[in-house]
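Chemist: Kindly produce the complete structure, drawing on both the sequences and the hints.
Those sequence lines, one after another, are chains B and A.
Using the UniProt record's numbering, read the first sequence as starting at 1 and increasing by one per residue.
Using the UniProt record's numbering, read the second sequence as starting at 1 and increasing by one per residue.
These are calculated hints, taken from the structure and not from any lab test.
Every residue, glycine too, gets a C-beta built ideally from N, C-alpha and C.
Keep in mind that a hint or two might mislead.
[Said to hold, decoys possible] Restraint ranges, calculated between C-beta atoms of paired labels, are given here:
1) Lys130(B) <-> Pro782(A): 57 to 63 Å
2) Gln566(A) <-> Lys130(B): 36 to 42 Å
3) Thr130(A) <-> Arg43(B): 41 to 47 Å
4) Asp730(A) <-> Leu105(B): 58 to 64 Å
5) Gly457(A) <-> Leu70(B): 37 to 43 Å
6) Glu276(A) <-> Asp100(B): 55 to 61 Å
7) Ser77(B) <-> Asp458(A): 26 to 32 Å
8) Thr130(A) <-> Asn97(B): 36 to 42 Å
[Claimed, not checked] Far from chain B, by Cβ distances over 10 Å, these chain A residues were calculated:
9) Asp32
10) Asp200
11) Asp287
12) Phe783
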Amino acid sequence: MHLVTYLHFLHATEETLSTSYRTVSDGHVADGDVHWTTARFARQCTAHAQALAPVLERCGPADEPAPDRLHAQGMTSTRDGPAGLLRDLLDLYQLTNLVDITWTLVRQAASAIRDRDLIHLTQQYGEETKDQLDWLRMRMKAAAPQTLIVAT
Amino acid sequence: MSGERVADIWGPRAPFPSGASWPRRVDQYLVDGVAEADVQEWVRGACLLCSNGCGLEVAVRDGRMVGVRGRAEDRVNHGRLGPKGLYGWQGQQYDRLTTPLIREGGRLVETDWETAMAAVVGRSRSLLETKGPLSHAFYTSGQLMLEEYYTLCVIGKAGIGTPHMDGNTRLCTATAASAFQESFGSDGQPGSYTDVDSCDALFLFGHNVAETQTVLWTRMLDRLDAGDPPRLVCVDPRRTKVAERATVHLPVRNGTNLAVMNALVHELIARGWVNEGYVRTHTVGFDELDRLTRDATPEWAAEICGVPARDIRAAAEIFGTGERVVSTCSMGFYQSHQATAASCQVNNLHLLRGMLGRPGAGILQMNGQPSAENNREAGCGPALPGFRNWDNPDHVRELAELWNVDPLVIPHWSAPTDANAILRFAEQGSIGFLWIAGTNPAVSQTDLARIRRVLSGDQCFVVVSDGYRTETTELADVVLPAALWAEKTGTFTNVDRTVHLQEKAVEPPGQARGDQAIWTDYARRMGFADKDGHPLPAWDTSEQAFEAWKAASAGRPCDYSGLTYQKLHDVGGVQWPCTSEAPNGTERLFTDGVFNTAVEKCETYGHHLATGAPVGETAYRARGVDGRAILKTTAYDHPYEEPDATYPMRLTTGRTVYHWHTRTKTKRSRQLNEAAPAMWVEISAPDAQRLGIAEGDIVRVASRRGSIEAPARISDVREGVIFAPWHYGDPESAANELTLNGWDPVSKQPELKVAAVSVTLIRPGDGPAPAPTTTASAPVRPFADTGRE
Numbered sequence: 001m002h003l004v005t006y007l008h009f010l011h012a013t014e015e016t017l018s019t020s021y022r023t024v025s026d027g028h029v030a031d032g033d034v035h036w037t038t039a040r041f042a043r044q045c046t047a048h049a050q051a052l053a054p055v056l057e058r059c060g061p062a063d064e065p066a067p068d069r070l071h072a073q074g075m076t077s078t079r080d081g082p083a084g085l086l087r088d089l090l091d092l093y094q095l096t097n098l099v100d101i102t103w104t105l106v107r108q109a110a111s112a113i114r115d116r117d118l119i120h121l122t123q124q125y126g127e128e129t130k131d132q133l134d135w136l137r138m139r140m141k142a143a144a145p146q147t148l149i150v151a152t
Numbered sequence: 001m002s003g004e005r006v007a008d009i010w011g012p013r014a015p016f017p018s019g020a021s022w023p024r025r026v027d028q029y030l031v032d033g034v035a036e037a038d039v040q041e042w043v044r045g046a047c048l049l050c051s052n053g054c055g056l057e058v059a060v061r062d063g064r065m066v067g068v069r070g071r072a073e074d075r076v077n078h079g080r081l082g083p084k085g086l087y088g089w090q091g092q093q094y095d096r097l098t099t100p101l102i103r104e105g106g107r108l109v110e111t112d113w114e115t116a117m118a119a120v121v122g123r124s125r126s127l128l129e130t131k132g133p134l135s136h137a138f139y140t141s142g143q144l145m146l147e148e149y150y151t152l153c154v155i156g157k158a159g160i161g162t163p164h165m166d167g168n169t170r171l172c173t174a175t176a177a178s179a180f181q182e183s184f185g186s187d188g189q190p191g192s193y194t195d196v197d198s199c200d201a202l203f204l205f206g207h208n209v210a211e212t213q214t215v216l217w218t219r220m221l222d223r224l225d226a227g228d229p230p231r232l233v234c235v236d237p238r239r240t241k242v243a244e245r246a247t248v249h250l251p252v253r254n255g256t257n258l259a260v261m262n263a264l265v266h267e268l269i270a271r272g273w274v275n276e277g278y279v280r281t282h283t284v285g286f287d288e289l290d291r292l293t294r295d296a297t298p299e300w301a302a303e304i305c306g307v308p309a310r311d312i313r314a315a316a317e318i319f320g321t322g323e324r325v326v327s328t329c330s331m332g333f334y335q336s337h338q339a340t341a342a343s344c345q346v347n348n349l350h351l352l353r354g355m356l357g358r359p360g361a362g363i364l365q366m367n368g369q370p371s372a373e374n375n376r377e378a379g380c381g382p383a384l385p386g387f388r389n390w391d392n393p394d395h396v397r398e399l400a401e402l403w404n405v406d407p408l409v410i411p412h413w414s415a416p417t418d419a420n421a422i423l424r425f426a427e428q429g430s431i432g433f434l435w436i437a438g439t440n441p442a443v444s445q446t447d448l449a450r451i452r453r454v455l456s457g458d459q460c461f462v463v464v465s466d467g468y469r470t471e472t473t474e475l476a477d478v479v480l481p482a483a484l485w486a487e488k489t490g491t492f493t494n495v496d497r498t499v500h501l502q503e504k505a506v507e508p509p510g511q512a513r514g515d516q517a518i519w520t521d522y523a524r525r526m527g528f529a530d531k532d533g534h535p536l537p538a539w540d541t542s543e544q545a546f547e548a549w550k551a552a553s554a555g556r557p558c559d560y561s562g563l564t565y566q567k568l569h570d571v572g573g574v575q576w577p578c579t580s581e582a583p584n585g586t587e588r589l590f591t592d593g594v595f596n597t598a599v600e601k602c603e604t605y606g607h608h609l610a611t612g613a614p615v616g617e618t619a620y621r622a623r624g625v626d627g628r629a630i631l632k633t634t635a636y637d638h639p640y641e642e643p644d645a646t647y648p649m650r651l652t653t654g655r656t657v658y659h660w661h662t663r664t665k666t667k668r669s670r671q672l673n674e675a676a677p678a679m680w681v682e683i684s685a686p687d688a689q690r691l692g693i694a695e696g697d698i699v700r701v702a703s704r705r706g707s708i709e710a711p712a713r714i715s716d717v718r719e720g721v722i723f724a725p726w727h728y729g730d731p732e733s734a735a736n737e738l739t740l741n742g743w744d745p746v747s748k749q750p751e752l753k754v755a756a757v758s759v760t761l762i763r764p765g766d767g768p769a770p771a772p773t774t775t776a777s778a779p780v781r782p783f784a785d786t787g788r789e
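Modeler: See the structure below:
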């Protein structure tokens, strides 16, 4: 079954997302809310990945080959200026959505195999991912008029 | 009384039993050489030097203010005045700005109004033409009058159409508004000061009322000294005068408020101190609150907060067993990274016990400033006028009809821009026109080195209206001289919704003008107009503005429609809502347990407290809140910055009783200035001993943003904590050189209570630190024991 592959994928993507949040936090210190909020989200993603570790240990290695180009690329640098910040937040939005839907897919599979612990885990951490998405949407919506109309 | 309220801050005691009326005591101060018989006129008004808003009269002789006295019949103060109220006004008679200033060749030079306004209008018009409304911002105050705020609101929101309007209220009271909105559906103080008179338990959360609202503390002291005193609980890292009187003092580590609050809620639920009938009928969200606080035991919180678990239990028991509990909540909670969540938990404690809406059972989420409430309600700050919901098209349409403009002109695609974002846009130059009025951000904002860069750069044209030259005016392109308190007529509203009319007592100095007149002049020159070409705003005088505001407020929670200038003159303070049905005002809100949460009434659909992300209309509707209060919290998270090896201590900032904000007025009042003449920092005795610091030694306090030097006062502040008053603006010693650029996700109120700092001894001092000895900054030992004079 591919579930183990997808659990590994989720684990790796949470770590990638954590690094990406950390990158944005370090790159946008002057935008105080972005700086502190993304630092917190980075810690959340690390915690999500850590919570998945014992599950992965329990599962052992994947018995099916992984699909090609399984893993998503994270962010390794940030862009300058208001338009750059908006674009960085879009990158985070994309990656966070990937994590969000993957938690959903894992929850579906966990339900099908009646794995109570895994269902509980997906509920617990999937919620925080949704909160991250809500914050990103709000922050981008608030920034859009200023950035797209008057910023240089 | 020549200066006695400096030494005897709260005056003589007048103990009174629970439920009785607070005895009257008229405090009066006339300047030396003036006797009562010399006073030609007593002009009615209220004090503007804290959020209490004590009713008073101004003594006038030969066109000059010569003194003040409290109004015995006023509901707020029963005649009393504090040190700032008695002596602070004298500062208006020195060093005033009397002509406009304009920057030429890098220097501010005197000019006339015509030249100054031509420069303002020239820049404003060219930016509006090239970049549009988003290039404009207004950063105002918590000390202007209601009529001034509403006038500016209409200019900004209907004339220009910019969302970039906020006040320094963002620094002082934004969380009070947010906590009300999240819990009760809209802003509006539920309780009344009269609740203090009959409560049997009093909780002060991060509120050093003994120094910030001295007359309210006097009222509390007069109950505490009675034969049937209320039990008092104080949450504050400093041993304040409040803490000294407390039954239980919880000196929590600054930055851990939400942990202790979650534990208090946990205890109420665990011990069964919940009014189940009230919760079932009048609230939603209990199960979620229970889930989020289930693990928040007193032992868990004790570890985080650094206070004994048994003390948290004792505090919970006082709340849980009190029959009439009053809570106040202030800057210690508001200027913090989880400010709204912690303040909502104060509301939740009351909701769980059904402890509001009746005498002695109330909530007072405090304001810092005298007219902060008016900024919140009149639309210059975080909300549309009348606590209208920017996300509700019907509310926006109401305003469009009032102002006769296209609804699309009124910015409502997002919440009004907060001050942090305004300053960021100004830093980046996308805001190219910033008008600052009645506030001094070059001292009061966080991370001052950055603020100086923003305001002095060429990327943004800065206009400042003020009564004095300040650290901020020195960075401006145009400075406009403004009339101050009692030099103009207008209303303002205090913490417990009491509206006062301040009548003009004297002429402003030189060419200074009232802020409403300045803004109306700007609007007329700009030619702002409604759909039919009629001028905006559609009024000129303060009384006309008040009448217009009454129409805007009618039917909303802050309904002023039953008030007139005449009634306010005759009666003194009246609490809104004041309508034809309640012509004498309304003492308490939510007496029937029905809150402003109905979809069509609410000011907001709410936010996730952890992130500030909006709940949204669809999810809000689905919840069917419909008039019930909302119980919500979130998990505790550590402060943005925590001590580490390089910066091992926790800075907190605060106030002293003798000064107001950045001291523009109070440092020019002899009695007040002498009482607290210069900067100091406070350190605990164990920390001082460890670092080899003696009383009065000069120390350097450094953070990641900057460093300051000041004399050390060894006080009863908590070990590991440094306290710095933020009143003093010299870049060598200003507290806000150290603070960080971060804020609460919901209220957007800046974090001013935690920054990681290091402390080092620079050199011995030449005497005790210049800190007051009458208050929380008192030395741990008398100076005689320190070996210094």
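Chemist: Would you mind marking each hint as holding or not holding in the structure?
Modeler: For each hint, the structure was consulted:
Look at lysine 130(B) against proline 782(A): about 58 Å separates their beta carbons, and that is inside 57 to 63 Å. Checked against the hint of 36 to 42 Å, the C-beta distance between glutamine 566(A) and lysine 130(B) comes to roughly 55 Å, which is inconsistent with it. For threonine 130(A) and arginine 43(B), the hinted distance range of 41 to 47 Å is satisfied, since their beta carbons lie about 43 Å from each other. Between aspartate 730(A) and leucine 105(B) the beta carbon distance is about 59 Å. The supplied range of 58 to 64 Å therefore holds.
Judged by the Cβ atoms, the range 37 to 43 Å given for glycine 457(A) and leucine 70(B) is violated: they are separated by roughly 48 Å. At about 37 Å, the beta-carbon gap between glutamate 276(A) and aspartate 100(B) misses the expected band of 55 to 61 Å. Distance hint for serine 77(B) and aspartate 458(A): a CB-CB separation of about 29 Å, consistent with the stated range 26 to 32 Å. In this structure the hint that threonine 130(A) and asparagine 97(B) lie 36 to 42 Å apart at CB holds, the actual value being about 37 Å.
Every C-beta of chain B lies more than 10 Å from that of aspartate 32(A), the closest at about 49 Å, which supports listing it as non-interface. The Cβ of aspartate 200(A) lies farther than 10 Å from every Cβ of chain B, with a closest approach of about 40 Å, so its non-interface assignment holds. No beta-carbon of chain B is positioned within 10 Å of the beta-carbon of aspartate 287(A); the least distance is around 15 Å. No beta-carbon of chain B comes within 10 Å of the beta-carbon of phenylalanine 783(A); the shortest separation is about 41 Å.
Comparing the model with each numbered hint stated earlier shows that hints 2, 5, 6 do not hold.
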